[in-house]
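Chains as they are written, first to last, in this note's numbering: chain A, 12 to 220; chain B, 146 to 500; chain C, 462 to 1019.
If you are wondering where the hints come from, they were derived from the structure by calculation, not from laboratory data.
We treat Cβ as the ideally placed atom computed from N, Cα and C, and that holds for glycine.
One should not assume that every hint holds.
[Stated by the list, open to error] Distance windows between CB atoms, simulated:
(1) A:Pro25 / C:Met762: 24 to 34 Å
(2) A:Gly134 / C:Pro628: 23 to 33 Å
(3) A:Pro25 / B:Leu180: 48 to 58 Å
(4) C:Leu602 / A:Val104: 42 to 52 Å
Now for the letters of each chain:
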Amino acid sequence: MPAPSHAEQYSGYPRLAETLRFGMWIFLASETLLFAGLFALYASYRAMFRADFTQAIQHNTLAYGTVNMYVLLTSSFTVALSLATLRRNRPRVTLALLLATAALGGVFLVVKALEYAEHVRNGALPGPFYHWQALPTFGANRFFTMYWLMTGLHALHVMAGVVVVLWLARRTHRRRYTAARHATFEMGTLYWHLVDVMWLFLWPILYLA
Amino acid sequence: MNQLMRKLLFLPPQASSMAGEIDALHYVVILTTLLGAALTTAVAVFFVVKYRARGPEAERPREKPAPRPPVWFEVVVVVGLFGLFVLWWIVGFSQYVRARVAPPDTLDVYVTAKQWMWKFAYPDGHSSLGTLFVPQGRPVKLIMTSRDVIHSFYVPDFRAKQDVIPGRYTTIWFTATIEGAHQILCAEYCGTGHSTMRGQVVALAPADYARWVGQAAAQDLSSFPDAGGAATGAPSMARVGERVAADRGCLRCHTVDGTPHIGPTWAGLYGSSVPLADGQAVLADEPYLTESMMDPLAKVRRGFRPVMPSYQGLLQAPEAAAVVEFIKSLRDVPPAAAGPMPPPTGPLPSQPVTP
Amino acid sequence: MTMSEVIAAPERGGDGAAATGDVPPDYLRAASGVRSWLTTTDHKRIALMFYVVVLVMFMVGGLFALALRVELLTPRRTVMDAMTYNRMFTLHGVTMVWMFLIPAIPAVFGNFILPMQLGAKDLAFPRLNLASFYVYVSGLLITLGGMLAGGTDTGWTFYTPYSDSSPTRLLPVVSGVFVLGISTIMTGINFIATTHMLRAPGITWRRIPLFTWTIYGTSIIMVLATPVLGLALALVGVDHVLHLGIFDPAVGGDPVLFQHLFWFYSHPAVYIMILPAMGVISEVVPTFAQRRPSSYMAIAMSTLGIALVGFLTWGHHMFVAGISELDAGIFGALSMFVAVFSALKVFTWVATLYKGRIRLGTPLLYFFGFLFLFVFGGMTGVAVATQSLDIHWHDTYFVVAHFHFVMVGGSVTAFLAAAHYWFPKMFGRRYSERVGALSATAVFLGFVLTFFPQFLLGNMGMPRRYYSYPERFQWLHVLSTGGAFLLAGAIVLALGNLLVSLRWGPKAGSNPWGSRSFEWLSASPPPKNNFPAVPVLDFSPYDYTQSEEEAHARAFPR
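Turn these sequences into a full structure, and let the hints guide you.
This is the structure in structure tokens:
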């Protein structure tokens, strides 16, 4: 790794690390606002079509959502543990935990894909493509449109998160991080936590009636 | 004084009952604005002239820091300004609410906006394109919807404006105080023809208006081409609504005399409070009645099964409006006029319980 | 000649700085060649790259405006058809808002000056800064590509459901703006992190120069509001292409919800456009009055007040959109509240002239223009927030006049003030004060002639976005168009003065205005690391009871 430029800019590595963490939190705040807009839209439509939404949620398969919730919670646990083991200078364990995290992310996406396939079979598609006879109401259409938008955006973030975690894994493998210097590692784990937290908010509103 | 200020500010004639008081607030606000900007700049210029750097002592550092205005002074200015703004808000909000909420007993006209024209349907059945005829001195309420994109109904002379939105009704009311033509302009960008989507409100003296109503009834000024068929000595909108209700099967489930049936009776419905399945209650007004046709399962009346199909796309806007007028015409029919009590509230045995 | 060579003409005198041994080269000469610019991480060079592109976009947006105004000379067709006109006003708005006004002061002067005002060597994340420039350029290219393909006609507000069905190239335009938004967020993150983490020893929050305070407040808005814009644009794009009907009533969507989402961003966005301008003014006035601001806390705290309360007022764009009277009332009241913060700033600026030792100069002239136009324009904002009055004014030229008063009379005036004020610092040169004064006056007059008639047009009932109009409006439109050309000429004159002075202006000392704000402690132009050593800044940037030499000695103790 080339000589860090922080020697010119920062009073020392700890300050750089602190600044990177700070910047990351601000970035996470902006990501939260991105999702917040969708939540607000969802809340508005739910208020307009209350009974239809409740009915549509009941027609959603709770199992998929709950499995995915546990998958992501576990992955947050593994990624947090990976940071702890890195701090204890056990890069091989760190690497294993990162790969486990990425794998769990993959599991999430596979489960999501299976769920999407079921929706497609049912005809629960967004907007004008909706044709589920069992739930022919406007409100159900709105619900599924919002569902696809919100879970779709979230899935994109999960994919990005998996890429980030794999990138961390690669750098860990090449021993780029040490117990004392791993600011960007921490930033990556924060991103994964955000992705998990997002699902914790999505799950109840999309799956619990 | 009022007319002087009005002309100085290039405001159009005050042709509605609300225009005068709105303009009075306008004068106060604009004068304060002008005065505020002028005064602030004048004080600044005065300071620059008075405190110009002069002499060699201006090159040396100050002996002590420059003075600050006393905190109480700042507080007074800020509180004073805020108080002024709040005062404007109070008057403005009160006027706004009165401008938005129509008085009772208005003459209602249905307006359909579409790219790029205004269509008007009157309660006595005839309609007009581009020109809205109203009686001078009588409150008129416009119940408006759009066929395509958002438009905005704007009559500068009345100081009145309201966006017209597809998929729902919005209302605007006014009392025209000056006879004659008052321009209608579309005030929400709606495509290529936005700036040509104009019209006029023609306010007629009561006698002239009565004469016009008689003439218009005899010769339909323009019929809605998509409502199916030319008008023949146009029946009132309510009668058209009755025919539509019969043709489209509404009367198979809804009675008009209070008899309980598959759907709620229309007798005494308009203006009543409708108890809903989820425990809430809603007013049976034009938007509710229209929504019940387009999205019947949105608000299901307590004690009735959610079996009504949607008429979205099956009823044109004028037809839906006509049915609403028909229901309105039944508002004074006592609902429990005949027959046994309505079905009991709560779920019927065959219906799954929804939380 | 390379850019470095053009600006760094014959060495003469210099700024009289360290006669002791090696003087590091200034940032313009520290490295040469196109690659050294395109791969730089120096905030000052990045600022200059933004400067060039932002000014080009200003010209482009201005050309769209002139085209519009020419068309509006006659009540019916003058030089173009309706569809072209509709695209023109859309592109004017999109260009001016997102390609010019939002980045202008922050990405140019914020980038250049903020680290220096904090005594830092650079921003917290220099490579992120460079990336933000390239993301900005990418956004520009996508949007401009869309414009070349015909652009869109929905207005910069993209209201649904018209934007769902408009037969124009909406997707590249909204995609480009989406990417521009990403650049904004990157910039905001950098500024916030720098302000928190990279202050030189001694700078407490109460010693941060006021321009930095406003950039900080602006950055908070950038980071929190822009994502919502991104979402709104993404949804509109998806609706346009896939017709999902997210906001389409035919499928149960609510078009007014789009307006809520859009204005939730776009109202705070106007504070992104004005807060940095207020920051510039907050530097110019104490400097030219040679005294401390009459209330530092008023300016600093009202900045945070605007940043916060600005998020709560968006509904005042929707008083006749179909929201309830209660909602409208709440938004109206909050809008009155936010106006007080600006009033506090105006009061402070004027009071800062009291007992000053005032020197004249072009930046101060721009301040006078700003003062009148911003107070007038801002108060017409309070006027349109008065709900009953807004019924008449909404979507008319009155609103157009209001926002041009604050955005051009306010932000552009302050941008020009900043361009003149920091010109010696950035380029080590002086510009011609006579041409500067002339252009400042011409800008003011051109502006008033262009936009004051528009208030009257609005009162008469002339709606916005009208290609053709009733005849009675014509004479005011002719006046306005005349003013537009005068304004354009004046701006060209002002910028031309600066451009010419880059090469031929007399050399500037390190602090020609005698300011005590921290950026003036460096050489003009500054070296790559801004200061000869890490400064110790445990005194106020507005302490005019000490001389420049004393301040220098305190900042760089031997």
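Problem set entry | Hint check against the structure, violated hint numbers in rising order | none
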